[in-house]
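Chemist: Can you build the whole structure from these sequences, using the hints too?
Chain by chain, the residues:
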Amino acid sequence: MDVNVIKKQIRVDTLAEQVNGEVIGDGSILIDSLNGIEAAVPGQITFLVKATQVDIIAKTEASAVIVPMAIEDNSGNGKTLIRVKNPYLASAIIHNLLLEKPFYAKGVHSSAYVGANCTIGKEVTIEPLAVLGDNVVIGERVYVGSGAYVGDNSVLGDDTIIRPNVTIESETVIGCRVTVHAGTVIGSDGYGYAPDELGRHIKRPQVGTVRIDDDVEIGANCCVDRAAYGLTWIMSGTKIDNQVQIAHNVIIGQNCLVVSQSGISGSSTLGKNVILGGKSAIKGHVHLGDRTMVAGRSGVTRDLPTGAVVGGFPAIPIDKWTKAASTYGKLPELRAEIRRLRKEMTELQQQIVGKE
Amino acid sequence: MDVNVIKKQIRVDTLAEQVNGEVIGDGSILIDSLNGIEAAVPGQITFLVKATQVDIIAKTEASAVIVPMAIEDNSGNGKTLIRVKNPYLASAIIHNLLLEKPFYAKGVHSSAYVGANCTIGKEVTIEPLAVLGDNVVIGERVYVGSGAYVGDNSVLGDDTIIRPNVTIESETVIGCRVTVHAGTVIGSDGYGYAPDELGRHIKRPQVGTVRIDDDVEIGANCCVDRAAYGLTWIMSGTKIDNQVQIAHNVIIGQNCLVVSQSGISGSSTLGKNVILGGKSAIKGHVHLGDRTMVAGRSGVTRDLPTGAVVGGFPAIPIDKWTKAASTYGKLPELRAEIRRLRKEMTELQQQIVGKE
Amino acid sequence: MDVNVIKKQIRVDTLAEQVNGEVIGDGSILIDSLNGIEAAVPGQITFLVKATQVDIIAKTEASAVIVPMAIEDNSGNGKTLIRVKNPYLASAIIHNLLLEKPFYAKGVHSSAYVGANCTIGKEVTIEPLAVLGDNVVIGERVYVGSGAYVGDNSVLGDDTIIRPNVTIESETVIGCRVTVHAGTVIGSDGYGYAPDELGRHIKRPQVGTVRIDDDVEIGANCCVDRAAYGLTWIMSGTKIDNQVQIAHNVIIGQNCLVVSQSGISGSSTLGKNVILGGKSAIKGHVHLGDRTMVAGRSGVTRDLPTGAVVGGFPAIPIDKWTKAASTYGKLPELRAEIRRLRKEMTELQQQIVGKE
Chain A
1 MDVNVIKKQI RVDTLAEQVN GEVIGDGSIL IDSLNGIEAA VPGQITFLVK ATQVDIIAKT
61 EASAVIVPMA IEDNSGNGKT LIRVKNPYLA SAIIHNLLLE KPFYAKGVHS SAYVGANCTI
121 GKEVTIEPLA VLGDNVVIGE RVYVGSGAYV GDNSVLGDDT IIRPNVTIES ETVIGCRVTV
181 HAGTVIGSDG YGYAPDELGR HIKRPQVGTV RIDDDVEIGA NCCVDRAAYG LTWIMSGTKI
241 DNQVQIAHNV IIGQNCLVVS QSGISGSSTL GKNVILGGKS AIKGHVHLGD RTMVAGRSGV
301 TRDLPTGAVV GGFPAIPIDK WTKAASTYGK LPELRAEIRR LRKEMTELQQ QIVGKE
Chain B
1 MDVNVIKKQI RVDTLAEQVN GEVIGDGSIL IDSLNGIEAA VPGQITFLVK ATQVDIIAKT
61 EASAVIVPMA IEDNSGNGKT LIRVKNPYLA SAIIHNLLLE KPFYAKGVHS SAYVGANCTI
121 GKEVTIEPLA VLGDNVVIGE RVYVGSGAYV GDNSVLGDDT IIRPNVTIES ETVIGCRVTV
181 HAGTVIGSDG YGYAPDELGR HIKRPQVGTV RIDDDVEIGA NCCVDRAAYG LTWIMSGTKI
241 DNQVQIAHNV IIGQNCLVVS QSGISGSSTL GKNVILGGKS AIKGHVHLGD RTMVAGRSGV
301 TRDLPTGAVV GGFPAIPIDK WTKAASTYGK LPELRAEIRR LRKEMTELQQ QIVGKE
Chain C
1 MDVNVIKKQI RVDTLAEQVN GEVIGDGSIL IDSLNGIEAA VPGQITFLVK ATQVDIIAKT
61 EASAVIVPMA IEDNSGNGKT LIRVKNPYLA SAIIHNLLLE KPFYAKGVHS SAYVGANCTI
121 GKEVTIEPLA VLGDNVVIGE RVYVGSGAYV GDNSVLGDDT IIRPNVTIES ETVIGCRVTV
181 HAGTVIGSDG YGYAPDELGR HIKRPQVGTV RIDDDVEIGA NCCVDRAAYG LTWIMSGTKI
241 DNQVQIAHNV IIGQNCLVVS QSGISGSSTL GKNVILGGKS AIKGHVHLGD RTMVAGRSGV
301 TRDLPTGAVV GGFPAIPIDK WTKAASTYGK LPELRAEIRR LRKEMTELQQ QIVGKE
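Residue numbers (the working numbering), protein chains in the order written: chain A, 1 to 356; chain B, 1 to 356; chain C, 1 to 356.
A portion of the hints provided could be inaccurate.
Stated by the list, open to error - Only pairs whose alpha carbons sit at most 25 Å apart, straight line, appear in this in silico BS3-like list of lysine-lysine:
#, chain 1, residue 1, chain 2, residue 2
1, C, 330, B, 330
2, C, 323, B, 330
3, B, 122, B, 101
4, A, 79, A, 50
5, C, 203, B, 85
6, C, 320, A, 323
7, B, 272, C, 203
8, C, 343, B, 330
9, C, 106, C, 122
10, A, 343, B, 101
11, C, 101, C, 122
12, B, 283, B, 323
13, C, 343, A, 323
14, C, 330, A, 330
15, C, 79, C, 106
16, A, 330, B, 330
17, B, 343, A, 330
18, A, 59, A, 79
19, C, 323, B, 323
To be verified - Just a few of them, taken from the derived set where beta-carbon distance is under 10 Å, the chain C residues facing chain A:
#, residue
20, 92
21, 237
22, 239
23, 254
24, 260
25, 285
26, 325
27, 332
28, 341
29, 352
Claimed, not checked - Covered by chain B, according to a simulated footprint, are these stretches of chain A (three or more residues, beta-carbon under 8 Å):
#, region
30, 20-31
31, 65-78
32, 95-106
33, 129-138
34, 157-165
35, 230-244
I should point out that these hints are in silico values taken from the structure, not numbers from a laboratory. Don't be surprised by glycine CBs; every beta carbon is placed ideally from N, CA and C.
Modeler: In structure tokens, the structure reads:
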């Protein structure tokens, strides 16, 4: 029996209840999965974000469509609709509901290595060739993938998922419902040296740890360094994309989004709901207030107040940066015009002197 | 018997035939390897790309030299030459020929883990502590390195090489003659969330897969995310450098080059033979036409037509960007000159008013 | 017996001797560890970098404080002080001293795989599920973490530490006291192809190797490619942060610092004590002289002389770049002023013509 192929079937009206949606049409239709509007087939539900694209509904083969409130009836398409305030959000909630399944505990595989004095939940999956160090604590319904390493004295909370080949160095504390994708390294040494008189770099021991709170998701091949002293800390609900670098003693507040290939330098702190665009860079020892937004490829070099929206390097207010960036390509023309003005200015000056 | 130390020996004229080259000198000389022109020793072949550097030929110890057509005889150096249109290409073809050896099948190592219902070619090497999930299909002459993980239902075509500690998540389909270097992650979840009213980010399930076609090479520590729905797709012949990020639903056409530390955001598509310079960034949902070239460190924010060559951020035509970039450092001077012009303008205006 | 929990205790005056420091107060106090000034507790030593913050000393609970020479007595705080020229350096040296402990050799774990003809030191720790290929040479007091892979014919010098899930490809030579953090890949193929007439990319075999000298530290998820021919070489004392990309045939001199997410393109060379800021990019085939400094997020496109300090892209002298960068946001204003000047110039010209 393959546990993966048993699909649930849920009535449209039951799904609608979960998202405070209003059903138009036959609420008794059974749905087994969600798909994009063009690829969807009968038995599936799909969603439409923009009411202006209402005509697509008639073309999809989906059995039901989640739609924005602006779409008031299904007379043009005959489909079963679920009207909601925010179809993008509602479709995520419904999709998760359709995919939800009981945790399938395979236990600890005989080829996995488990160190001394570990405390492991009753229902877990520790895959082949995974490694737990000594004194590791593993909660219920935890998944640790093949080749993943969890160092001594680390903790994984309930329902946490560690994908293959992840490295979690010692003393790391990870909360519940956290997902860490493959290849990511958590708890590696921070980058700190003191130069001596001969120009050699003496390592500053990195004796702090990393704490990752509930509901955090960290992408593939990221790095989260342990603190020099104290904590590197990622608070609950924050979602980190692939290949992000988080240096020692960084603190990231709740519900932040940190997009791919960004880097946050040592001891910088982010408030709540901060968004860092892809490939952005944050200098060390700065603070980004709640709800700040940093455009992709930007570099922030100083503190940002609550709600600031910035771009460029050094980052400036986004509208200023957008205008400057669009003028950039005209720099050579501007320079030529300045030269012409100078020439004409000199001519005028001479003419006037000539007249006097 | 060490299979690695048996070197082939191939006659110069045999090598020349493989690259439509013309031999000048003794075509019967035996060659066992290829080396750079300064390090080469007798028994080796080397190559010269620029005819202007013809004098180096007399100094190399190599037994033969691949040269451009502009070099018409060997009277100045007495070496055996192979004249070809494109020495850079010919040397690559000859080098591969000299290194070619039969696949050495070690079989599946006893310490590797193989899941249920796998279909594995007769001649393969699955190294110690590699992991194959359930229902994995492995073609002939496939190499899977130590610590590599191939998830459930994934497929590796003939002659494909998976280096150590690579993670290939479930449902990934990889073609023939593909090489994936160490530490790379293929099929991790795409980065997609829907914010709710409380500012929390609800995960959008990533239920698509990744397809990688024949003759693709992917560097070390890259990330290729699985699609939200449908496919993330890298077409045949594309070569990807280290630490590249490829987001969900990206499609990369045939024979593209994606240089190190570049990032391609979700749902963007590249045509054929596109070149992305190192550290370049492509915004989501844009299309880069065939043969577009993006300079290193650039950021593309909109669609690019066939053959476009761009640089900067936001990327503009490369010549425009080059001129603007060379003017950038003069911005403070230009500003000072503008202030002087303003001052002088005001003076002139006053003088003229004074005269009236 | 847990070897990790036995703390040394060292007298303050003994510590002071190691850093040529002068003790003020009771030199017989016993110290067991070092901590930041705010978190320190009795029995710990801490340090103060700036004499202007002297008031903090009275508030710390630390038993002793390393201070700069400008602080001449402890009358204001009654603490035991160690006066030194460079507290930042002295605290690093003392911290290492307090943490120093004998190497704890666990031997080669039974689940690790060791290939044929390896030469392994008497006192080593090869952790569970680590892999050594054939003919690997491992010095004394070497640590190889779980899931790490050391390819055929590679060498690890004495006291070298390879963290979990590191991949060291074949023929790599690593010196003594080197640390390589988790997920890093050393010796993967360089990125080299020759295009043929059909736009396909023919791989140029990468037959060189990597050499890493003594006292190098390499962060997590880095890539160091093997040379096309010859060597990719990182010289002694160089410290590399996380997610750095080092391409084939790069040579990095002694005691360089390469900060996170930087990339160095093929065949470029760095002198001694070069500093590359985070996310900086170095073009291929350029040379950076000794003690050059490259600001974060910069791109170097040409050779730099000894001691150059640069920023921007293309990188220019740092002061020039700083001024230009601070003018950038004013580009739209400058453009508007230029237009006004043009308009007024034309008016003036007409006025003068009108008078003639």
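Chemist: Confirm or reject each hint.
Modeler: To see whether the hints hold, each was checked on the structure:
1. The straight-line distance between the Cα atoms of residue 330(C) and residue 330(B) is roughly 14 Å, inside the 25 Å bound, and the hint therefore holds.
2. Among the hinted pairs, residue 323(C) with residue 330(B) is consistent with the structure: their alpha-carbon atoms are about 9 Å apart, no more than 25 Å.
3. For a cut-off of 25 Å, the pair hint linking residue 122(B) to residue 101(B) stands: about 18 Å separates their Cα positions.
4. A distance of roughly 17 Å separates the Cα atoms of residue 79(A) and residue 50(A); the hinted pair therefore holds under the 25 Å criterion.
5. Proximity of residue 203(C) to residue 85(B) is assessed by CA-CA distance (about 18 Å); at most 25 Å being required, the pair is judged to hold.
6. Taking the CA atoms of residue 320(C) and residue 323(A), the gap is near 22 Å; set against the 25 Å cutoff, the hint holds.
7. This hinted pair checks out: residue 272(B) and residue 203(C) have alpha carbons roughly 18 Å apart, not beyond 25 Å.
8. Only pairs whose Cα atoms come within 25 Å are accepted, and residue 343(C) paired with residue 330(B) is accepted, the gap being roughly 24 Å.
9. Restraint check for residue 106(C) and residue 122(C): the C-alpha separation of about 10 Å stays at or below 25 Å, so the hint holds.
10. A threshold of 25 Å between alpha carbons decides the hint, and for residue 343(A) with residue 101(B) the separation of about 71 Å lies outside it, so the pair is violated.
11. With a CA separation close to 18 Å, the supplied pair residue 101(C) and residue 122(C) stays within the 25 Å bound.
12. With a C-alpha separation of about 24 Å, the suggested pair residue 283(B) and residue 323(B) falls inside the 25 Å cut-off, and the hint holds.
13. The straight-line distance between the Cα atoms of residue 343(C) and residue 323(A) is roughly 22 Å, inside the 25 Å bound, and the hint therefore holds.
14. Restraint check for residue 330(C) and residue 330(A): satisfied, since their Cα atoms lie roughly 14 Å apart, inside the 25 Å limit.
15. A C-alpha spacing of about 42 Å is found between residue 79(C) and residue 106(C), which places the hinted pair above 25 Å, so the restraint is violated.
16. The hinted pair formed by residue 330(A) and residue 330(B) meets the criterion: a straight-line CA distance of about 14 Å does not exceed 25 Å.
17. The hinted pair formed by residue 343(B) and residue 330(A) meets the criterion: a straight-line CA distance of about 24 Å does not exceed 25 Å.
18. Of the pairs offered as hints, the one joining residue 59(A) and residue 79(A) holds, with about 10 Å between alpha carbons and a cut-off of 25 Å not exceeded.
19. Distance restraint check for residue 323(C) and residue 323(B): the Cα-Cα separation of roughly 19 Å lies within the 25 Å cut-off, and the hinted pair is therefore satisfied.
20. Against a cut-off of 10 Å between C-beta atoms, the interface hint on residue 92(C) holds, since the closest Cβ of chain A lies about 4 Å away.
21. With 10 Å as the threshold, the beta carbon of residue 237(C) comes within range of chain A, its nearest partner Cβ sitting at about 5 Å, so the hint holds.
22. For residue 239(C), the shortest C-beta to C-beta distance to chain A is roughly 5 Å, which falls under 10 Å, so the interface hint holds.
23. Here the hint on residue 254(C) is kept, as its CB sits about 8 Å from the closest CB of chain A, short of 10 Å.
24. The interface hint given for residue 260(C) is met, as the beta carbon of that residue sits about 5 Å from the closest beta carbon of chain A, less than 10 Å.
25. Proximity of residue 285(C) to chain A is violated relative to the hint, the smallest CB-CB distance being about 25 Å (cut-off 10 Å).
26. Using the Cβ-Cβ criterion of 10 Å, the hint placing residue 325(C) at the interface with chain A is satisfied: the shortest such distance is roughly 6 Å.
27. Interface restraint check for residue 332(C): the shortest CB-CB distance to chain A comes to about 4 Å, inside 10 Å, so the restraint holds.
28. The interface hint given for residue 341(C) holds, since its Cβ lies 6 Å from the closest Cβ of chain A, which is under the 10 Å cut-off.
29. A distance limit of 10 Å between C-beta atoms decides the matter here; for residue 352(C) the minimum to chain A is near 6 Å, and the interface restraint holds.
30. Counting residues of the region 20-31 of chain A whose CB falls under 8 Å from any CB of chain B gives 0; the rule of at least 3 is not met.
31. Counting residues of the region 65-78 of chain A whose beta-carbon sits less than 8 Å from any beta-carbon of chain B gives 0, not enough to reach three: the coverage restraint is violated.
32. For the region 95-106 of chain A, the stated coverage by chain B is satisfied: 3 residues place a CB nearer than 8 Å to a CB of that chain, which reaches the threshold of 3.
33. Counting residues of the region 129-138 of chain A whose C-beta sits closer than 8 Å to any C-beta of chain B gives 1, which falls short of three, so the coverage hint is violated.
34. Given a C-beta distance limit of less than 8 Å, the hint that chain B covers the region 157-165 of chain A holds, as 3 residues qualify and 3 suffice.
35. With a cut-off of 8 Å between beta carbons, the region 230-244 of chain A has 5 residues touching chain B; three or more are needed, and the interface restraint holds.
Of the numbered hints stated above, those contradicted by the structure are hints 10, 15, 25, 30, 31, 33, listed in ascending order.
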